[in-house]
Amino acid sequence: MDMQVAKKKLGLKERYAVMTRGLDWTPSYQKMEDIYPYIAYEGIKIHDWDKWEDPFRLTMDAYWKYQAEKERKLYAIIDAFNQNNGHLNVTDARYVNTVKLFISGISPLEYVAHRGFAHAGRAFPGPGPRVACLMQSLDEIRHAQTQVHSISNYNKYYNGMHDFHHMHDRVWFLSVPKSFFDDAITAGPFEFMVSIGFSFEYVLTNLLFVPFVSGAAYNGDMGTMTFGFSAQSDEARHMTLGLEVIKFILEQDPANVPIVQRWIDKWTWRGYRVLTLVAMMMDYMLPKRTMSWKEAWEVYFEENGGALFKDLARYGITMPKCAEQIALEKDHLSHQAWSTFYNYAAAANFHTWMPDEDEMAWLSSKYPESFDKLYRPRYEFWREQAAKGNRFYNKTLPMLCQTCQIPMIFTEPGDATKICYREVDYKGDKYHFCSDHCKEIFEHEPEKYVQAWLPVHQIYQGNCFPEGTDPTVEGFDPLAAVLKYYNLEHGRDNLDFDISEDKKNFAEWRGQATKNI
Amino acid sequence: MAVAAISKYEFAPTDTQDKFHGAQLLYIGWEDHLLFCAPFAFPFPPTMRFGDVVAGPMQAAFGYHPDFAQIDWAKVEWFKSGKPVTLDFDKSLAENGLKHKDVIRFRTPGLAGIEGSCS
Numbered sequence: 134m135d136m137q138v139a140k141k142k143l144g145l146k147e148r149y150a151v152m153t154r155g156l157d158w159t160p161s162y163q164k165m166e167d168i169y170p171y172i173a174y175e176g177i178k179i180h181d182w183d184k185w186e187d188p189f190r191l192t193m194d195a196y197w198k199y200q201a202e203k204e205r206k207l208y209a210i211i212d213a214f215n216q217n218n219g220h221l222n223v224t225d226a227r228y229v230n231t232v233k234l235f236i237s238g239i240s241p242l243e244y245v246a247h248r249g250f251a252h253a254g255r256a257f258p259g260p261g262p263r264v265a266c267l268m269q270s271l272d273e274i275r276h277a278q279t280q281v282h283s284i285s286n287y288n289k290y291y292n293g294m295h296d297f298h299h300m301h302d303r304v305w306f307l308s309v310p311k312s313f314f315d316d317a318i319t320a321g322p323f324e325f326m327v328s329i330g331f332s333f334e335y336v337l338t339n340l341l342f343v344p345f346v347s348g349a350a351y352n353g354d355m356g357t358m359t360f361g362f363s364a365q366s367d368e369a370r371h372m373t374l375g376l377e378v379i380k381f382i383l384e385q386d387p388a389n390v391p392i393v394q395r396w397i398d399k400w401t402w403r404g405y406r407v408l409t410l411v412a413m414m415m416d417y418m419l420p421k422r423t424m425s426w427k428e429a430w431e432v433y434f435e436e437n438g439g440a441l442f443k444d445l446a447r448y449g450i451t452m453p454k455c456a457e458q459i460a461l462e463k464d465h466l467s468h469q470a471w472s473t474f475y476n477y478a479a480a481a482n483f484h485t486w487m488p489d490e491d492e493m494a495w496l497s498s499k500y501p502e503s504f505d506k507l508y509r510p511r512y513e514f515w516r517e518q519a520a521k522g523n524r525f526y527n528k529t530l531p532m533l534c535q536t537c538q539i540p541m542i543f544t545e546p547g548d549a550t551k552i553c554y555r556e557v558d559y560k561g562d563k564y565h566f567c568s569d570h571c572k573e574i575f576e577h578e579p580e581k582y583v584q585a586w587l588p589v590h591q592i593y594q595g596n597c598f599p600e601g602t603d604p605t606v607e608g609f610d611p612l613a614a615v616l617k618y619y620n621l622e623h624g625r626d627n628l629d630f631d632i633s634e635d636k637k638n639f640a641e642w643r644g645q646a647t648k649n650i
Numbered sequence: 003m004a005v006a007a008i009s010k011y012e013f014a015p016t017d018t019q020d021k022f023h024g025a026q027l028l029y030i031g032w033e034d035h036l037l038f039c040a041p042f043a044f045p046f047p048p049t050m051r052f053g054d055v056v057a058g059p060m061q062a063a064f065g066y067h068p069d070f071a072q073i074d075w076a077k078v079e080w081f082k083s084g085k086p087v088t089l090d091f092d093k094s095l096a097e098n099g100l101k102h103k104d105v106i107r108f109r110t111p112g113l114a115g116i117e118g119s120c121s
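Respectively, the protein sequence lines represent chains F and E. Sequential numbering of the first sequence, starting at 134, is according to my numbering. Sequential numbering of the second sequence, starting at 3, is according to my numbering.
Since the hints were made in silico from the structure, they are not lab data. Do not take every clue at face value.
[Stated by the list, open to error] Across the chosen pairs, the derived CB separations fall in these ranges:
| id | chain 1 | residue 1 | chain 2 | residue 2 | range |
| --- | --- | --- | --- | --- | --- |
| 1 | F | Glu634 | E | Thr18 | 41 to 49 Å |
| 2 | F | Gly439 | E | Phe70 | 42 to 50 Å |
| 3 | F | Arg248 | E | Lys77 | 51 to 59 Å |
| 4 | F | Asp569 | E | Lys77 | 40 to 48 Å |
[What the hints assert, rightly or not] A partial selection of chain E residues facing chain F, derived with a Cβ cut-off under 10 Å:
| id | residue |
| --- | --- |
| 5 | Thr16 |
| 6 | Leu37 |
| 7 | Pro59 |
| 8 | Gln72 |
Beta carbons: idealized from backbone N, C-alpha and C, even for Gly.
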């Protein structure tokens, strides 16, 4: 009779070694540079991939187990939220517009992040970062899916979310987050890791994720809040990975430092420009505010980010120079952004409105330096005009920045009454920018940014109408054709909140739930 | 600097004038009137009379502002790429030296937006 030998159970450390580095091998009949063609051209030098310290020794089997458990809980709560008509418990129907912004502006980025991390993981010769990227890639596609599932309940009742992915690729302002991520995934694997893994996930994530999730919590949106908490442990892992990547690259070779510094400068600015949408969401779109944009910037960037860059100083990394300009913009950013969406309310997939008296008072108190002087007179004028039936809908297309693709709404650093214009001549054509930082990014890689798909120029080139449209026929209405191309229904998905179906339906449904009518 | 790439990196720019069906882009911003959140982008034929740009598309784009009707066009200061420029209303865009993707701004002395707030 054979002796039964008890199988030796592996300790966590050994298990991790076997399931990650143990899966790697040295190729014998293919050259390393053929297998990993993208690893050298960015100029980053890595001498020893084994120096990579995995910050969270997670193995694939454990990953599945944890995530499955988390998602079972998440979906139970989403079901309960849906069955109890949880959408009627939000503060007011204006809140739903933040959800629209999220599903069309942010969730599609989660999907692109999934692709980006899969690509970066494949590109790295080291098994440690490869496995870490694989897991983050899976996190990102799970986040995209759970966000779509959480938010699909709102789509049953409210307008503007019915074709979010189609819109993400077409609607003018969504080219801002889209082109940001396209820029990152078309860079090399190291720049991608610095741009998304570090600058976005580590430095700026608290300004993206936290405002949306705490905004959801403050405004009674259990579904989105639960999703946010469920994703929190993943986000913590992403932040750790982002920091580990930076430290690993910097420790490998001193020649890497200036390259990484340039990427940090670029991507902090690129990310900050995308956060313009978050700034206005915090100050204008949440009926119950959590904190002002300015306060959030001070806590999450100036304090926390300041400490981070102090920590990175020993590698020779300094605070991105754009931080100075951002500090000058913090009194203005959200107001300039909200004015923009108020201008172009006919061409967006969510509603805008003028703040009421209480909200104006809140804005004055949070922005004593700027609000009453510069923005209140504008808003009061718009409000009077709207009351007279003359609500402002700007129907002329704006000039865009070639790099961030945001309309040229930003003012000169230090003078909030003057639009900031910057331009460059390159190979016989002019290119325009909202800031010195966007201009510098262009000047470093003009060949890349001359290809930008700027929505305004695309409309004028005739590329944003439904197939078969003839723009030369008499009475052709370009805005109507563009909205069709966006798959937005005029009068239902766009325009002011006050006249929206969302507002009317919400009042009626909430009435049915709380009154005997 | 050039893009770091694994091979030759050359692509045609997206917004050259030949793509605009005979038009050229002109950007126009009104100083001290940020009620219009950004300067505008317009496609115009280079042969268009500048006076017609002011009377037609500019009136349509900026006319919502109560200051617009009060503009004394003889006193307006024009800028091209931030530098003062003289623009002749009776000449075409091309004759005025305006090329594809040029940006012009105009300042209307005495008019500084809603309650002087530059809005």
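Exercise. Is the interface hint for Leu37 (chain E) satisfied, with its Cβ closer than 10 Å to some Cβ of chain F?
Worked result: holds (6 Å)
For this session: Return holds or violated for the Cβ distance of Arg248 (chain F) and Lys77 (chain E) against the range 51 to 59 Å.
Result: holds (56 Å)
Exercise. Holds or violated: is the Cβ of Gln72 (chain E) closer than 10 Å to a Cβ in chain F?
Worked result: Where the cut-off is 10 Å and the nearest Cβ of chain F is about 15 Å from Gln72 (chain E), the hint is violated.
For this session: Just tell me: holds or violated, for the beta carbon distance of Gly439 (chain F) and Phe70 (chain E) against 42 to 50 Å?
Result: holds (46 Å)
For this session: Can you let me know if the beta-carbon spacing of Asp569 (chain F) and Lys77 (chain E) is within 40 to 48 Å?
Result: Since the Cβ atoms of Asp569 (chain F) and Lys77 (chain E) sit about 32 Å apart, the hinted range of 40 to 48 Å is violated.
For this session: State, for the Cβ atoms of Glu634 (chain F) and Thr18 (chain E), whether the hinted interval 41 to 49 Å holds or is violated.
Result: Since Glu634 (chain F) and Thr18 (chain E) have Cβ atoms about 42 Å apart, the given range 41 to 49 Å holds.
Exercise. Does the nearest C-beta of chain F fall within a distance shorter than 10 Å of the C-beta of Pro59 (chain E)?
Worked result: Pro59 (chain E) check passes; min Cβ-Cβ to chain F is 8 Å, inside 10 Å.
For this session: Closer than 10 Å between Cβ atoms is the bar; does Thr16 (chain E) clear it against chain F? Give me holds or violated.
Result: holds (5 Å)
Checked against the numbered hints listed earlier, the structure breaks hints 4, 8; every other hint is satisfied.
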